[in-house]
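Asker: Take a look at the letters that make up each chain.
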Amino acid sequence: MVFERDVEHIAGLADIGIVKEELDEFTIQFNRILDYFDILDTVEGDCVYEQDRYNVLREDVISPSLSQEDALKNAGETEDGFFKAPRVM
Amino acid sequence: MNMENMTAVPIAGSRSEQSAGYISQAAGSPPHPEADETIIGLEVHCQLDTATKLFCACSTDYRSDGPNTHTCPVCLGLPGALPKINRKAVEFALRVAKALNCEVLLESVFSRKNYFYPDLDKAFQISQYDKPLAVGGYLVIEGDKGEKMVRITRVHMEEDPGRLVHKGGVDRARYSLVDYNRAGIPLIEIVTEPDMRSPKEARRFLNKLRVTLEYLSVFDSDKEGSLRVDANISLQPEGWFDREKKSYKGRNRVEVKNISSYKGVEKALTFEITRQRNVIRKGHPIEQATRHFVETQGITTASRSKEEEQDYRYFPEPDLCPLRVSSWVEQIDLPELPDARRARFIGQYGCSPNHARTLTGDLKLADFYEKVAGNADPALSATWVADTLIGELNYRDLGIGSVTPSHIIELVNLVKSKTLTDKNAIDVIRAILDGILQKQPAETPSQVVKRLDLGATDSGIAPAAIADVIREQPQAVADYESGKKEAFMFLIGQVMKKTRGKADPAELNAMLRDALDGRGQ
Amino acid sequence: MAHSRLSFTPDDRVNAFLTTCPEPEYGTGRLEGLAIAIKDNISTKGIRTTAGSRILEGYVPPYDAHVVSLLLAEGAAIAGKTNMDEFGMGTTTENSGYGPTLNPLDTGRVPGGSSGGSAAAVAAGMVRMALGSDTGGSIRCPAAFCGIVGLKPTYGRVSRYGLIAYANSLEQIGPMARTVGETSRLMQVIAGYDPRDSTSIEQPYCHTPDKNIQGRRIGVPEEFFGAGVDPAVAAKAWEAIEVLEKKGAEIVTCRMPGMAYALAAYYVTCMSEASSNLARFDGVRYGPAADTKKPWHEAFQERRGTSFGKEVRRRIMLGTFALSSGYYGKYYAKAQAARQQVKLDFIRLYKEVDVLAGPTMPTIAFRLGEKADPLSMYLSDILTVPANLAGVPAISVPCGTVDGMPVGLQIMGRHFEDEAVIDTAFAYEQAVV
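Chains as they are written, first to last, in the working numbering: chain A, 1 to 89; chain B, 1 to 521; chain C, 1 to 433.
Watch out, some of these pointers could steer you wrong.
Capping the alpha-carbon separation at 16 Å, the derived lysine to aspartate or glutamate pairs in EDC-like fashion look like this [to be verified]:
1. B:Lys267 / B:Glu255
2. B:Lys200 / B:Glu147
3. B:Lys98 / B:Glu255
4. A:Lys84 / C:Glu245
5. B:Lys113 / B:Glu158
6. C:Lys293 / A:Glu79
7. C:Lys310 / A:Asp24
8. C:Lys330 / A:Asp38
9. C:Lys310 / A:Glu21
10. C:Lys330 / A:Asp41
11. C:Lys294 / A:Glu50
12. C:Lys343 / A:Glu50
13. C:Lys343 / A:Asp52
14. C:Lys330 / A:Glu44
No wet-lab data here; the hints were simulated from the structure.
Generate coordinates for the entire structure from the input sequences, incorporating the hints supplied.
Answerer: This is the structure in structure tokens:
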């Protein structure tokens with residue numbers, strides 16, 4: 001069972017914006033979905049999902065990088081060749 | 001203070017358990033933080049010196065280029081780009097693991113460390129978590145009480161984040177500027193057990209680690225920002241720290257982040273010891289906390305709680321396959337490492353243990369010395385390189401790379417053949433280094449000797465100089481004759497002034513003594 | 001090389017395309033001059049690519065996805081980018097940030113999702129072929145709902161380089177077309193090894209469909225005809241399986257116990273991976289800019305809160321929860337254990353049979369707005385997610401209609417036996433033409 005305060009906590013952890021009006025709806029839905037996920041408790045054993053492949057590596061050979069212009073092309077704000085980002089306060 | 005204790009106790013069982021011992025000790029007698037043992041563990045991040053980044057083929061040689069000129073869809077975190085592991089980075093990391101006597105795990109896995117920060121292009125860092133590359137090694141260092149083993153907990157690989165720039169200074173900038181050139185540079189993280197007992201030992205560990213990595217040709221400490229250290233430190237009443245169980249039953253430890261130089265480690269830890277002692281002396285508990293080292297001020301500051309609470313939500317990186325490289329370790333031929341080379345320098349070249357330690361404490365210096373020792377008297381070369389040359393280089397902030405071995409070979413040979421006195425040889429070194437500093441065309445020692453007329457002469461001028469001095473300084477001569485030892489030193493100084501250092505001081509010494517003693521008889 | 005241009009001006013009444021290229025260039029090769037629609041989560045150099053999300057509004061990739069390079073190298077013309085549920089999160093294409101796509105066969109119904117735009121574009125005859133991506137049925141579901149063919153290849157057979165990640169360990173790009181033959185033809189071009197994708201496998205697809213299935217053993221898992229499956233849809237699938245039997249296949253009923261927790265394992269896995277994948281959309285390097293006047297976390301939350309749709313935020317939050325300290329073991333780790341069980345079910349069954357068959361979806365296409373409750377929408381993926389969990393190939397081929405709407409027959413094969421899946425579907429298609 002999760003409560004609204006849990007959903008708020010998760011939203012904070014996920015750094016995702018939710019508005020107060022959505023909280024009730026999300027909480028109800030989360031409870032239904034998480035209840036459904038409880039079926040996983042019946043999975044027996046601790047076997048892990050196995051990956052079949054390993055040591056997939058590349059050689060240490062340089063390829064050309066993007067130009068600074070191409071790298072910055074999709075950015076909303078740039079300055080002197082840098083991306084501009086909000087500050088961590 | 002009461003308030004603090006009241007809020008501190010109920011938070012978590014583990015917390016109150018940890019502080020219980022301290023409280024009972026405080027009840028019996030006032031705390032004596034000076035007698036406490038300092039317990040230090042390190043997490044060291046070093047950039048591996050590969051040609052390309054860890055997960056993409058962008059060049060790592062970014063330092064002299066403009067921002068965001070060494071990026072691609074992968075290291076910019078563009079939607080849809082996929083990482084692929086650099087084989088060389090794995091090989092380098094394995095070399096380190098082997099040199100640090102670690103066990104390479106049968107299978108290691110890259111995981112995502114999720115957190116939000118503008119320098120992190122994908123909002124996660126690809127690192128290793130529950131299955132690191134290697135575990136359980138050690139490195140022998142010169143400890144405060146002789147040689148000691150610092151145990152290595154784990155060695156793992158991860159990618160460097162980008163770099164934030166704050167215009168107008170970190171305190172004033174309203175926004176961040178981001179350069180992703182550094183994003184994706186391969187890092188190796190080496191975590192030690194809390195086996196160091198003083199800031200000095202921590203620094204020695206770092207130096208030993210640095211030189212070891214350099215001997216392995218996987219790391220270049222000259223590159224700015226190529227090394228970063230987090231240190232955890234606590235002060236424990238003597239005997240409280242149970243080395244075998246590696247447990248902290250006692251005061252909390254503090255993690256100091258953001259240390260980026262060798263000297264910084266010693267500074268940060270020394271500051272932190274003083275700070276913790278003051279807290280303890282006031283009878284306050286040490287809060288388990290993360291603090292940041294401010295290099296410019298030499299202090300540590302508390303960091304905000306948000307960072308401490310971070311939940312990184314690690315999970316295996318689905319875009320990469322696991323590594324199974326434990327069998328590769330056998331194929332790695334480690335080069336001669338610093339300890340072995342030091343022993344060889346003592347045996348092969350007759351270096352003193354101190355000289356050998358100094359000379360092998362830096363890869364380029366050791367290589368330099370070997371070039372000199374192969375062409376000049378090895379023991380004499382050791383003295384000149386380790387005692388004189390390094391000091392003169394450090395004084396001028398020059399590296400060993402700025403000097404040519406042939407110059408020092410020539411110099412040592414001139415000294416050996418007594419063509420040059422020790423004193424004037426120092427002047428020759430200074431003249432050469434000053435020339436380098438002023439970017440003048442390089443001069444060989446014999447050219448300098450000629451230019452400055454520093455060559456040792458036969459003792460022809462010495463008798464005349466001695467005779468002159470004895471005549472000019474009757475008072476000093478009388479003092480000498482009446483048994484005042486200082487008078488001899490004064491007289492020899494006068495003679496050397498007249499011979500302008502070109503005569504061998506030992507010879508002058510004998511001649512002056514003969515002359516003075518001869519007079520008395 | 002002389003390039004030619006195509007004129008592409010579709011009458012797109014169903015909102016299948018987010019971007020169209022009116023005069024795409026094309027070259028020579030196996031797909032010469034063929035207009036191909038590309039799902040909008042596949043990166044196209046110089047062509048806007050949004051993955052159906054407002055958070056990528058205006059994003060123009062500086063590089064082509066591997067599959068796009070392969071298409072261009074074979075002379076194809078990129079007709080445009082098709083609508084989809086935001087980042088692939090949905091079964092209806094109603095979760096697009098740019099409005100839903102409608103089912104061309106009944107505009108009151110959804111085309112299925114998340115590759116609804118691609119399916120609708122093919123079904124409406126705007127293009128002959130399209131690329132989709134399939135994380136938990138996102139190719140097969142819309143193929144079934146729109147009455148076309150869609151293949152989810154074996155995991156690793158088609159490069160994911162350039163596919164905007166939703167759930168990396170589950171998803172594959174795959175071909176969609178009106179016929180099995182055309183689906184196979186597109187597969188020939190897009191399959192193959194890509195050194196940039198660590199999960200890519202050296203296994204080209206050079207197959208031409210063969211309708212001879214004499215002696216092929218087809219397993220029919222009971223669970224695919226169990227609770228929640230519309231009996232009329234189940235009946236259609238059974239009829240199709242009987243057609244295959246008449247063509248010489250042997251039908252064996254079997255059980256897949258892992259189906260009990262397949263859906264939960266799937267959703268926990270995809271939400272967890274998505275919570276990490278989608279964290280990069282911070283408005284710094286691409287997408288609508290974050291407000292640099294605000295502090296980082298505030299600007300970041302605002303950007304994500306306003307630009308991600310509800311379903312995306314729901315999955316990010318649930319995925320964050322499933323990976324968080326204290327819950328990882330209960331959710332993520334257990335989901336991986338369940339996933340392994342599902343994979344083992346397939347391995348066990350494939351010792352007895354060559355392919356598995358059943359309906360693709362439990363029902364026909366939903367009415368618009370019918371699946372407003374998230375869990376009820378999730379439950380409709382129950383028949384398609386097992387193939388993604390195990391990484392095996394699976395196809396949906398039309399097998400008649402219920403209430404005038406198409407039903408899809410799903411055929412799943414062994415790892416790297418996409419050819420057997422194609423052949424079985426081809427045998428059915430040829431038998432009923």
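Asker: Give a verdict on every hint.
Answerer: Do the hints match the structure? See the list:
| no. | hint | result |
| --- | --- | --- |
| 1 | B:Lys267 / B:Glu255 | holds, 14 Å |
| 2 | B:Lys200 / B:Glu147 | holds, 13 Å |
| 3 | B:Lys98 / B:Glu255 | violated, 28 Å |
| 4 | A:Lys84 / C:Glu245 | violated, 64 Å |
| 5 | B:Lys113 / B:Glu158 | holds, 10 Å |
| 6 | C:Lys293 / A:Glu79 | holds, 14 Å |
| 7 | C:Lys310 / A:Asp24 | holds, 13 Å |
| 8 | C:Lys330 / A:Asp38 | holds, 9 Å |
| 9 | C:Lys310 / A:Glu21 | holds, 12 Å |
| 10 | C:Lys330 / A:Asp41 | holds, 7 Å |
| 11 | C:Lys294 / A:Glu50 | violated, 44 Å |
| 12 | C:Lys343 / A:Glu50 | holds, 9 Å |
| 13 | C:Lys343 / A:Asp52 | holds, 12 Å |
| 14 | C:Lys330 / A:Glu44 | holds, 12 Å |
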